[in-house]
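Novice: 495 is the number that this note's numbering gives to position 495 of the sequence shown; each next residue is one higher, with no gaps.
Quick caveat, the hints were computed from the structure, so don't treat them as lab data. None of these values were measured; they are calculated from a predicted model. Yeah, the Cβ is synthetic: ideal placement off N, Cα and C, and Gly gets one too. Heads up, some of the hints might be wrong.
Stated by the list, open to error - With a cut-off of at most 25 Å between alpha-carbon atoms, the simulated PhoX-like pairs for lysine-lysine come out as follows:
#1 K300 <-> K172
#2 K441 <-> K300
#3 K6 <-> K300
#4 K8 <-> K271
#5 K345 <-> K6
#6 K271 <-> K330
#7 K330 <-> K8
As the list claims (entries may be wrong) - Cβ-Cβ distance ranges computed for the label pairs, FRET-style:
#8 I442 <-> G863: 58 to 68 Å
#9 S105 <-> D58: 39 to 49 Å
#10 A671 <-> P824: 47 to 57 Å
#11 T150 <-> S42: 34 to 44 Å
#12 T135 <-> S698: 33 to 43 Å
#13 S859 <-> P824: 40 to 50 Å
#14 S859 <-> I442: 37 to 47 Å
#15 L733 <-> F197: 34 to 44 Å
#16 E31 <-> S77: 23 to 33 Å
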Amino acid sequence: MHSVLKFKWPIAIGLIVLTVALFLLAPNLTEQAEQAGSFQLSDEASSQIASSILTDADASDQTISLVMPLESELTDSMRETLEQMAADIEALGEPVTSVLNPVESEELESQLISEDRQTVLMPITVDGTDEEVNTVADTIRETIIPEDLTAYVTGEAIINNDVNISAQEGLKRTEIITVVLIFGLLLAVFRSIVTPFIPLVAVGITYLLSQSLVAFFIDWFGFPVSNYTQIFLVAILFGIGTDYCILLLSRYKEELSAGHGVEQSIINTYKTAGRTLLISGIAVFIGFFAIGFAEFPIFKSAVAVAVGIFVLLLVLYTIVPFFMSLLREKLFWPAKKSASHNDSKLWVTMSKLSINRPLLSMLVVAVITVPLLFTYDNSLSFNTVDEIGSEYESVKGLRAIEEGFGQGDSLPVQVIVKSEDSLADRSTVPYFESLSAEIEKIDGVETVRSITRPTGEVIDELYVDEQLGLLADGLGEARGGIGEVQAGLSEVQTNLTAISEQTGDSEGLDEAAAGLGQINQQLEQVSQGLQQTGNIQQTVGALAQINGGLSEIQQGLAGAAGQTAELSAGLTQLADGVGVSNDGLAEIETGLTEAVDMMEEMSGSEAVRDTGLFIPEGTLESADFEQVLDRYSFADGTGMMMEVILSEDPYSHEAIVITSEIKETVERSVAGTPLESAEIAFSGISSINSDLEEVSSSDFTNTVIIMLISLFVVLAILFRSLIMPLYMIGSLLLTYYTSISIAELIFVNGLGYDGISWAVPFFGFVMLVALGVDYSIFLLDRFREESFNGITVRDAMRTSMAKMGTVIITAAIILAGTFGAMMPSGVLSLVQIATIVITGLLLYGLIVLPLLIPAISVSFDRGVWWPFGKKK
């Protein structure tokens, strides 16, 4: 400290110049957070695999929805407006790739206009980044939508963008409120106009320098970043930085009041309070540094606070001594005395219970906290929409879709299947129908849209039983056709007999008539055989022989017509009749041959045996199927997509459970099929939330363990005790679970939310434990200092509580106030984190720390230093 005071001017100037330079040169941290996005899952997560598959196949188009709630049923005028809007949007060109006009066809109307005819949906496909999607949305709002029409543009990318905007606007409000609040609290505590500026300047330099360093680290080393990064830097650095300044300034005032010179007072301050500050800073640094071991980037983004704590310690050991030395006693002007140095009457009173009757004190803490613990259900919510509230257009659009079409129709679960071989062929497509049918059986699945059911309705004609029914109808028609041919030939035979009798030349014509009679008998046998045995192949052979006979008779009649001029017209007509009958039989033969080929293909098809489906040849290549293939296949048919519409809100926890069942069903259903070797992944907000639940749960457990072990080791070394760290950490755990129980009662039981936002327990725990440990360090380090004076453990604790009570309560109120500045942010998760931290800090500073920690400490007496013993 002597060196710092000696070179205070060069150090202060150098630090300020460095801060300004880095601030001007550093990348924009806000933009980096926006680019990182709201969800940053690992590449191994199913939803990210799905995204990679679609991106690699150049099929990662995003769909946004233009939603129009109407006041009355659809009119002709509105139809014209919709057609014009669809044409105008399509005319925008890239990155817009397609627009579905809801009034283009009856099929589209049934899908895109609600049953009550009062909600219209216009899906727009955009091939671009989230930023490009939002640019398209802005263009549609500004240039396409008529001024007199109520319409909302919504979609996953637009909702996430609104979350980012809400977070950044919340950050601005938080910064302003934090500075004003801290200045007011410091003014009240120190009763000085000058004193409040010292923490604000010190923390301001810390924040600007930390923000710049973090921004550089993101560019250089891929440092994790999220929307939480800046907000936590503001709240924690301003809160804890102010607390540390209060600790230093309070001790500095004590030293001045004791008659020491300015330089000696500064040195003494940093030997005592400076040591406490260093221990606290290291503990908080370790707590946030441990977050770096998390796998989830959003969780890891809070590690930026560790950078801020390091910079804060640097500033507190340089800038604050600079102002102490420069302003001297005027630092507290115009106050003659600081209220923060009075003994805490509240803690003195509480010490009579916790020190004199420790068991009763512990019981009081238990009565206050334990009942609340039994109310905790660990209800979590993954509803991003709740984060920003209903005033945003994207949320209004989502609600309009839900009201008009159902909750799950807005954001379906997508099943992405990718293979090396073609999936859009006749042997593989039936398995997608079989898979669709299995998924649709799941409770909570409304419908499935896939290549075999593009509108969500089953195409019955693809099932073998339906095809066999049609085949039976075809055989009936063939028998009817044979009957008609028989009737025609009988008429020809009758006419031949009549001509023969008239001419008296019966030899040739009688033979022809007799031949026709034999053929008719053969046809009768063929018809009966077809009806009785269904042997189509035998029937085809018989018809081929009959065709040959009819051809000979036709040729004979044609020859006779040439020889007999008087009868040529009649015989030619009869020959033509035989020819028509022959053609009819040939057509029947062709149809039956096709039926034989189809049945043979069916009998040899593995897909028919596995699925009961058969895709007739030419179906997939037909013009009617072209649009279906375009919609549900990609990568030249090697990729396939299925859309699963849920009956639940896609953001709800129920949707996560259903999505997990879908994943299990798909895995089970593809076993032993051609899809077994394909890569299968799941996309959509419900799938993302399913991945979030899995990774956040495991990350929370792992990070908490690492953080608590790290804190225990650091505290054990600094306090030279294994007992103190145990009950310090235990008291913080008790405080955390009591606080989150209270938050759950407020937001779930009271305000009706589905649960606490999924990221809140993690950040709430890290914040409360890392910050709350400071106050136990403040108390117990002073206790350690007082115990060296040869007094008893009880007296040392009593003096420590009297001296540190006001400092800790003031610090807790200020830190709670900085988190309170997050309340107007408008971001639900930040409000919930603030609620947990504020509740926890006040609970810890007013109940747990003054009642539980002293009670446990005096109960151990000298054993509190076990196993190392008390040493300076």
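Novice: For each hint given before, does the structure comply? Return the numbers of the non-compliant ones in rising order.
Specialist: 2, 3, 5, 9, 14, 16
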